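Enquirer: Given the coordinates of chain X, assemble chains Z and E onto it according to the supplied hints.
Residue numbers (UniProt numbering), protein chains in the order written: chain X, 1 to 526; chain Z, 1 to 526; chain E, 1 to 526.
Watch out, some of these pointers could steer you wrong.
Chain copies aren't distinguished; within one or between two, either way the pair holds.
With a Cα cut of at most 16 Å, we get these calculated EDC-like pairs of lysine to aspartate or glutamate [what the hints assert, rightly or not]: (1) Lys525 x Glu51; (2) Lys273 x Glu108; (3) Lys294 x Glu238; (4) Lys120 x Asp60; (5) Lys120 x Glu264; (6) Lys230 x Asp60.
Think of the hints as simulated: they come from the structure by calculation, not from any bench.
Keep in mind it's a predicted model, so treat the numbers as computed, not measured.
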Amino acid sequence: MSTTPQSSATSISAFTPVADIPRRLFGSFVEQLGRSVYGGIYEPTHPTADEYGFRKDVLDLVKELGVTCVRYPGGNIVSNYRWEDGTGPREKRPVRRELAWHQTETNEVGIDDFYHWSKKAGTEIMLAVNMGTRGLQEALDELEYVNGAPGTTIADRRVANGIPEPMNIAMWCIGNEMDGPWQVGHMTPEEYASRVEKVAHAMKLAESGLEMVACGSSSAQMPTFGTWEKTVLTRAYEYLSFVSAHAYYYDHDHDSHKPEGMREFLASSEDMKQFIATVASCADYAREQNHGTKDIAISFDEWGVWYQDVWQKQEAEWKAAETEGLHTEPWPKAPHLLEDVYNASDAVVEGSLMITLLKHCDRVRSASRAQLVNVIAPIMAEENGPAWKQTIYYPFAEVANHAHGVAYAPEVDGPTFHTATYGDVQALESVVTWDEETREGLILAVNRDPDAAHEVSIDVSALPGVDAARFAVTHAEVLHDDDPYRQNTAANPLAVTPQELTVAADGASVTYELPSIAWSAVRFKA
Amino acid sequence: MSTTPQSSATSISAFTPVADIPRRLFGSFVEQLGRSVYGGIYEPTHPTADEYGFRKDVLDLVKELGVTCVRYPGGNIVSNYRWEDGTGPREKRPVRRELAWHQTETNEVGIDDFYHWSKKAGTEIMLAVNMGTRGLQEALDELEYVNGAPGTTIADRRVANGIPEPMNIAMWCIGNEMDGPWQVGHMTPEEYASRVEKVAHAMKLAESGLEMVACGSSSAQMPTFGTWEKTVLTRAYEYLSFVSAHAYYYDHDHDSHKPEGMREFLASSEDMKQFIATVASCADYAREQNHGTKDIAISFDEWGVWYQDVWQKQEAEWKAAETEGLHTEPWPKAPHLLEDVYNASDAVVEGSLMITLLKHCDRVRSASRAQLVNVIAPIMAEENGPAWKQTIYYPFAEVANHAHGVAYAPEVDGPTFHTATYGDVQALESVVTWDEETREGLILAVNRDPDAAHEVSIDVSALPGVDAARFAVTHAEVLHDDDPYRQNTAANPLAVTPQELTVAADGASVTYELPSIAWSAVRFKA
Amino acid sequence: MSTTPQSSATSISAFTPVADIPRRLFGSFVEQLGRSVYGGIYEPTHPTADEYGFRKDVLDLVKELGVTCVRYPGGNIVSNYRWEDGTGPREKRPVRRELAWHQTETNEVGIDDFYHWSKKAGTEIMLAVNMGTRGLQEALDELEYVNGAPGTTIADRRVANGIPEPMNIAMWCIGNEMDGPWQVGHMTPEEYASRVEKVAHAMKLAESGLEMVACGSSSAQMPTFGTWEKTVLTRAYEYLSFVSAHAYYYDHDHDSHKPEGMREFLASSEDMKQFIATVASCADYAREQNHGTKDIAISFDEWGVWYQDVWQKQEAEWKAAETEGLHTEPWPKAPHLLEDVYNASDAVVEGSLMITLLKHCDRVRSASRAQLVNVIAPIMAEENGPAWKQTIYYPFAEVANHAHGVAYAPEVDGPTFHTATYGDVQALESVVTWDEETREGLILAVNRDPDAAHEVSIDVSALPGVDAARFAVTHAEVLHDDDPYRQNTAANPLAVTPQELTVAADGASVTYELPSIAWSAVRFKA
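Only chain X is shown next, with the shape it has when bound in the complex (with noise of 0.2 Å):
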C-alpha cells in the first residue's frame, strides 16, 4: 500500500500550445560499449539470431518501445573509431584495443550490420564522425560511403558489401563530448569551433539537406558549459541544425536508501529545464551574432538514468593500476559494463524527463535515450536466454507510441515538496498531447512528491478541437510501487509493471490519484 501520509488536489485546464511532436524526440542511443551490441542486439549463436546475426527477441522488444531513431556507434568509442572497420566481410575485419571503455573491439558490428538491423527495427540512424583521432577527411570518405549514390569509389565500395542503395542518413554527430577530459583528442572551445566549421560545411557541400549535430557540453557540470556553445554555435552557426545536450541523473543514495538522495532525484527534471533554457540562450546568441533567422534546435542526445558512481569506482580501479607500472594485459571482449539495474523509482524519473523533453520540443527537436540493451538500458538480455523489460521501459514505450499531435504543457499550481538543490518544486508534472487529425490525446502526470498523494483533474476541453461531447478515455496507467527501490530482474523481470489507473471523467476532465513517485498516462478520444 501507499506510503503516503496525505493527499491534496491539483486542477489543470489552461494549455500553453508548445510545438509538433517530433518523432525524433524518441530516439534512443546505441553505443558499441559492453554488451550493448555484443550480447545485446547482436548475438548470432542465440536462438532467435536472423541472418545477420542480431536477436529476434531483442529486436522485437525494440519495436514494441517505438523507437524511432538510434544515435550510434557512440558515444565515446567514437573518440577512436574507424569507420570502415565495421564495413565488408566479417572475416577480414581488424580487432582493435577500443580506448574509451578498455574493451576488445572484433568490429563483427559496424555500419553495415547496423543498417540492416534499422532497417528491420524501423528507426532511423544518426551517425557520429570521429573528432578524436580523425578528422574531416575520414568524415566526408564516411559520408560518401554511406550516403553517395552508386558510381564514385567509396560509394561502390558499400555496393559491393551488399547496399546498393544509399542509407539516406540525415543527421551526423561532429564527434561526441568533446568537451570532455576523458574523451580521446578532447578540445577547447575554440580547436572544436574551428573543427565543426570545417567539418559541417565540407559535409553540407558533399550533400545537400544533410542535418549536422555539433557537441554541447557534456554536462550542465561542465566548467566551459556556455563558453562552449557560444563559441562553437557562433563560429559555425551557418552550417549547424543541432546543438548536443547530456544529462544522466541518479539516486545518490540509491545504495543506503537515504531518503535526502531519493528527494533531489525525484526533481531531476527541474536540472533539465534548466540545461535546455540555458542552451537555447546559447543558441539565440549565436543567432544574433549572425544576424541569421535559423534556430539551431537541441537534439538531447543522450538523456536518463545512469549509476555513474558505479562507473566511477571502474574507472578509479583502472586509474590506480596506473601506479603498477606498465601493463598490458588484454582487454576484454564485450565486458560487463553500466549494466544498471533499475527500480520502481527511475521509472518514474525517467517519466518526468519524457514530459520535460515535450514541454520544450519547440526547441528539443531530437533526443536519443540513453541507451538500449543492457547498458543504462530499457531491455535486458540473457546470453542465450530470455530478454526483459526494465521498469524504465514502461514510460517510454508508452510515450514513444502514444503521443503525436502537438504538445501542450499545462499550468500547474499545486502542492510543492522541498529539494536542497531546487528549492520548492511542484510535486506534479504534466503534458498533454493532442493530435487533432487523429482525434487522439495522451495525458502524462507524474507524482513525483516522495511524502504524498495528489489527486489531480485534468480538463483538455480548452485544447483545440476536443469536442468534450465525444470525451472518452481508451487506456490508463499508473506506473508505481510501494516500495521505490523495488527493480525488475532477470529472475522476476514482472516485479514492477504498470498496472490500470482509475480515472473518473466528467466531461473532457479526468480526475484521478497518483500515490507519492508515480508516473501515470491517459490515452483519450475526444
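Expert: Same frame as chain X, but now just chains Z and E:
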C-alpha cells in the same frame, strides 16, 4: 563605325623603368573544373587526340597563345583533391565526388598526364597542394613523387608510371583561397599562417630552391583582406617566395546593356592597381617585422573577366535545394560550368589588366590568367568539334608573345572619364616594353573611355638604347567593335578580331587614334 | 707533464643527500642519423655481424660502457619518420628521403630490429613518436604495435614479424624539439601544449603505467625557453611524467686553441645547473597551477659535447645552395655527419656534466648522452674495420658501471677560476655515490681549472653507514693529458686513457692531487 562623339590627344614621352618582365607573367590556370580538362584540353575520342588523349587542336591554340606557365590542378578543387588519384594506370584510378563544383571526377587526367601535356605545350607547371582535407605529410609525399630523384619508394612510383625524370616543378601553392568561406577546410589567418609555416619549411627542407606561394586574400573584398596577408607573411616570411592575389571583373549590367555597368567595368584595372599596392605593403610589413631583406613577390595567379553573377545563380540553386531535405543524386561528369562567352569590351578590359600587370612587374613576378579552355577561357572547344578563340584570346596572345625585356611605365596625362567607384580616371592606359638585346619593343595602349575616341602619341626615344634613326613599326593592331557587346561564338568565331591599326610614325614616335573602348598593340624595332 | 703553475687544497667532509640514483641516468641516444645506425651499430657485411646484421664488436663496447636505456629513433628524424617503415620483412621496407639530415633512409633498421639489439645490449628503450608530419592516430598505432597484447590486428602484425611478446616500452617522447624552427612541423608553445594534452591522455588510456615525456626547450637559448615549459606542462600536467632538456657544449676555440674558449668550455656544467633549475621551476609552476602533488621530472635526453660549428657550416652550405635554383639530386645513405673526434678536455667536461646530473638526480630522473656510435659518440666504428673508444667513453663507463645507491652532493669551498660567462666558479666539482647495501661507493672529482692543479681531500665518514674502519680504496683513476687537445683517433685510439691515480687514504678520507683539466674516480668499500 565608331560611336565616338569627340576626340582628344595624349602625348607620352617620359617613362619609368619597372623591371625585367618575368616570363611567368604570362601564365594561365587549368583547374579540373567543368570542361576545362575533360572535353577541353583532353578528349580521347576527338579526331585530333594524341597518344595521351589530349586534343592537338586545343594544344596548338595554347601554344599560339604564348602561355608560359600553368597553375594546376586548381583552384577550389585542390582543397578536396588527392594527388595520387591522378597517377598510375588510368584504369585503376578512383572516381570521386568533387565537392567544390558538384562534379564527378574520374581522374582520367592527373599530374602524370598533365606533365606530358605541359611538355608538349612548352609550359612550366605551378602546382597547388591540398590544405583543405589534407596537410603536411601528403604535401611532402606529392613533392617526392613529382620532383624526387629516383631511388626512393615514392619517387620510384613515378618512374614506374612512365616518368623517369624528376618533373622539376619549382612553384608550389600552399592550398587555394584558404580564407574563403566556400573553401573546403577554410581557415582563420592564424590557422593558415601556422599551416604555411610548417608546410613551406618542410617542403624547402626536402628540396633546395623551391619557390613557395602562400594564399593571399581571395579578393580585396574579403573581410580579412590585409590582416590575412600580414599575419601569414609575417609568420612564414622566411620560407615564402610569393603571395597569391586573385581578382575577377565583369560588367554587372552585361545582361541589360546599361551603360553604368560598362563604365565601371572599363576601369577595372584601377581596382587591380590598388589591390597590388595593398598586398605589396603587407609583404613589406612582414619583411620589416622579420628584419628581412627579401621582398615577397606577388603571384597574381587568378585574374580575368568572369561573369560571377551567372555562377552565383547556379550556387543559389544548389543552396535552395537544401530545403528539400537530404538528396544524394550523382553529380555530372565534366558539366558545362562557367563557360562565359566574351565580348569586345571584355577583351579590352583584359588588355588593360595585362598593362597593369606589366606596369607592376617589379612586384608581380608571376601571374595566371584564369582559365585556359572552356571555363572562363580564351579558348573554347566543341565536343568532337572545332576549337576557337574568344575575344580575350587576342590581347593575351599579342602580349605574351611580344612583351620582352624591360617594362616601362609611361607618364600619362590626358583626358579622363568619370566612374562612380574610382572617380575620374585616365582614358588611356599604356605600357611599353623594350628589349635592348633584340632591339624590339611593344607599345600597348587601351582607350577605356566609353564616350570618346582619343588620339595617342608615344615617343620611345627616351628608352635606353633606342636609336630613333632605326625606328620602324613592324606590326600594329587594334581590337575594337562598334558594338562592345559583340561576342565570338561557335557559330561566328571570328566576329571580333584584331584589325590593322593605322599608325603615323615620326622618328621614334607613333601617333594613332583609338576608338572608344579599344585595345591596341604596336610592335617596333629600333 | 702538467702545465700547472700552482696548487691548492680543498677539503670535503659534509654532504647533502640528493636521491637514489635512477639507472636511467646512464642512458644514451641512437638516432638514425649519418653512421650512427648504418655502419655504426649495424653493418651486416662486417666480420662480427650477428644474425640481424648488428656488429658484435660495437655491441661489446656498448655493454662495457654500461648504457642502461637508449632513446630511439631520434632526434630530428622523428618528425618525418613513419614507424611502420622499420617493421616487417626488410626487403619490403620503403626507402625514404630523410628531411632533417638530408640522407636517404633505407629502413633496414627499425623498431623491430632495434628491439632485438636492445635485448642483446641489455638496455631499456625510450621511444619517440612523430609529431611533425603525424599525430595522435599514428602514435596510438605505434604504441599498439610495440606494446599491445597479442589479439588485436596491429599487435598481431608484431607477432607475425617475429616478436610475440609486447616490447613493454614504458617511456615515450611526444615528438622531438618541437620548439625548434629547424624541426619539421615545429610549433608554438600553445600548439604543442594542445597536442601533448591529447596524445599523452590517449596513450595513457591505451596503456596503464606509461611514462610520457614532453619536449622541453631545445636549449636554454631558445626565445621561448621557460614560456614553452610553463605552457606545455601546465596544460598537460596530469598526463606527464617527464619534460625533456637538451644541452650541448663545445670549446668555441677548438680550432684555434685560444685559451678563452677552453676556459668557458670547462665551466659548461654551470650552464647545465642553471638549466635544470629553470626547468624544475617551470614544472613546479605547472604543479601549482594544477593544484597537483606530483613533480614532473626532467629527462635530460640529449647532453654531451658537440662541435656545433662544424655542423652549422654544413647547414650553411645547404642553405646557400638555395640560390642555385631547384635541384633534386639524391641524398646519400649513411653519410659521414657529426663525426666529432674528442680530446682530453672534452672527456673532462663530460665527466663534470655527469657529476652535475648526479647532483640533481632528485629532479633529473633520466638522461641520455647524445649519441652512442660514430655521431657525436663515445664509440667509433670503422667500415669493415675495428671499433674504438673516444676519450669521452671513459668517464661515462666508470660512472655508469659504478655509481650506485644514493648520490651525495658535497659542500665544496675551494679555489676558483674566472670565466666571462659564469664569473668565478669552483675549480673542483665533485659528487659521491654510496650504496649502503653493497657498501660500495664512488668519489667523482673534476679539476676544471685551466690554470692550476689542485689537491683534494674527501672524507666520506659522514655518509650513512660508512664504517671508517673498513674503508678501502679499490680502484682509482684519473683522465688527463698535458695537451688537453689530444684526441683518440682511429690510427691512435689509445692516446688518451685513464691512468692510475695515486691516492693517500686515512680512515674514511682520501687525498690526491688533480692536475689542471682532469677527471678522476675513486672507488671504495666501507
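Enquirer: First find the shortest C-alpha distance between Lys120 and Glu264 inside one copy, then the shortest across copies, and answer within, between, both or neither for a cut-off of 16 Å.
Expert: neither (40 Å within a copy, 63 Å between copies)
Enquirer: Pop the pair Lys120 and Asp60 into one bin, within, between, both or neither, using alpha-carbon distances up to 16 Å.
Expert: within (10 Å within a copy, 61 Å between copies)
Enquirer: Within a copy, between copies, both or neither: which one fits Lys273 and Glu108 at a CA-CA cutoff of 16 Å?
Expert: Intra 39 Å, inter 57 Å, cutoff 16 Å: neither.
Enquirer: Since the copies are identical, ignore which copy is meant and state whether Lys525 and Glu51 lie within 16 Å (CA to CA) inside a copy, between copies, both or neither.
Expert: neither (41 Å within a copy, 77 Å between copies)
Enquirer: Within a copy, between copies, both or neither: where do Lys294 and Glu238 come within 16 Å Cα-Cα?
Expert: within (9 Å within a copy, 41 Å between copies)
Enquirer: Could you figure out if Lys230 and Asp60 sit no more than 16 Å apart (CA to CA) within one copy, between two copies, both or neither?
Expert: neither (42 Å within a copy, 57 Å between copies)
Hint check: violations occur at hints 1, 2, 5, 6; the rest are consistent with the structure.
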